[in-house]
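If you read the sequence shown in our numbering, its first letter stands for residue 14, the second for the next number, and so on.
If you are wondering where the hints come from, they were derived from the structure by calculation, not from laboratory data.
One thing to keep in mind: the hints can contain errors.
Claimed, not checked - Computed cross-link-like contacts, EDC-like style, restricted to lysine to aspartate or glutamate with a CA-CA straight-line distance of at most 16 angstroms:
hint, residue 1, residue 2
1, K39, D128
2, K124, E29
3, K124, D25
4, K124, D26
5, K46, E64
6, K124, D107
As the list claims (entries may be wrong) - Now the in silico label distances, taken between C-beta atoms and shown as ranges:
hint, residue 1, residue 2, range
7, T112, T15, 33 to 43 angstroms
8, P65, A41, 16 to 26 angstroms
9, Q111, T15, 35 to 45 angstroms
10, R61, E84, 15 to 25 angstroms
11, R90, I122, 13 to 23 angstroms
12, F134, N30, 16 to 26 angstroms
13, Q77, I32, 18 to 28 angstroms
14, I32, A55, 15 to 25 angstroms
15, N42, T112, 32 to 42 angstroms
Just so you know, these numbers come straight off a predicted model, no measurement behind them.
Where a beta carbon is used, it is the ideal one built from N, C-alpha and C, also for glycine.
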Amino acid sequence: MTVTVNILLVDDDPAENVIMRALMRKVANVEIKLHYVETIEAALAFIRSGEPALDMILIDNRLQPQVDFRETVPELRQNGYIGPVGVISSSITDPYFQTIEDYGVDFRIDKTELDSTAIGFIIQEYIERENRSDG
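Can you make the complete structure from the sequences, with help from the hints?
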């Protein structure tokens, strides 16, 4: 039986949506339904709607007008999202990436490291583990 995973991508560059969709189609043993919004406000509205229930949020590090994930991810958490949140960035070398947990981030990944294998691992690590702990 194929598991369906609902992921919300929050990125102000529509090209990233196209790239992520292509990568996610290649992930084995899981059907990924990728939902896409361009702003944190749209992400909050999506979460509040409750449909579909999200398994994970992937968010771009820098979304205008916010500075970076240190402003956006706490908004997601304050609005009730409790699932895994991953920050995607073109560089994760800035020192503030060492304190991601302080802001409610579960993991970070460099855009150059994103491929179907990495996405499969992330799903296994953060979604399947969460589902196992529920039962």
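Outcome of the hint check:
{"no.": "1", "hint": "K39 / D128", "verdict": "holds (9 angstroms)"}
{"no.": "2", "hint": "K124 / E29", "verdict": "holds (10 angstroms)"}
{"no.": "3", "hint": "K124 / D25", "verdict": "holds (15 angstroms)"}
{"no.": "4", "hint": "K124 / D26", "verdict": "holds (13 angstroms)"}
{"no.": "5", "hint": "K46 / E64", "verdict": "holds (12 angstroms)"}
{"no.": "6", "hint": "K124 / D107", "verdict": "holds (14 angstroms)"}
{"no.": "7", "hint": "T112 / T15: 33 to 43 angstroms", "verdict": "holds (37 angstroms)"}
{"no.": "8", "hint": "P65 / A41: 16 to 26 angstroms", "verdict": "holds (22 angstroms)"}
{"no.": "9", "hint": "Q111 / T15: 35 to 45 angstroms", "verdict": "holds (37 angstroms)"}
{"no.": "10", "hint": "R61 / E84: 15 to 25 angstroms", "verdict": "holds (19 angstroms)"}
{"no.": "11", "hint": "R90 / I122: 13 to 23 angstroms", "verdict": "holds (19 angstroms)"}
{"no.": "12", "hint": "F134 / N30: 16 to 26 angstroms", "verdict": "holds (21 angstroms)"}
{"no.": "13", "hint": "Q77 / I32: 18 to 28 angstroms", "verdict": "holds (19 angstroms)"}
{"no.": "14", "hint": "I32 / A55: 15 to 25 angstroms", "verdict": "holds (19 angstroms)"}
{"no.": "15", "hint": "N42 / T112: 32 to 42 angstroms", "verdict": "holds (33 angstroms)"}
In this structure, every one of the numbered hints holds.
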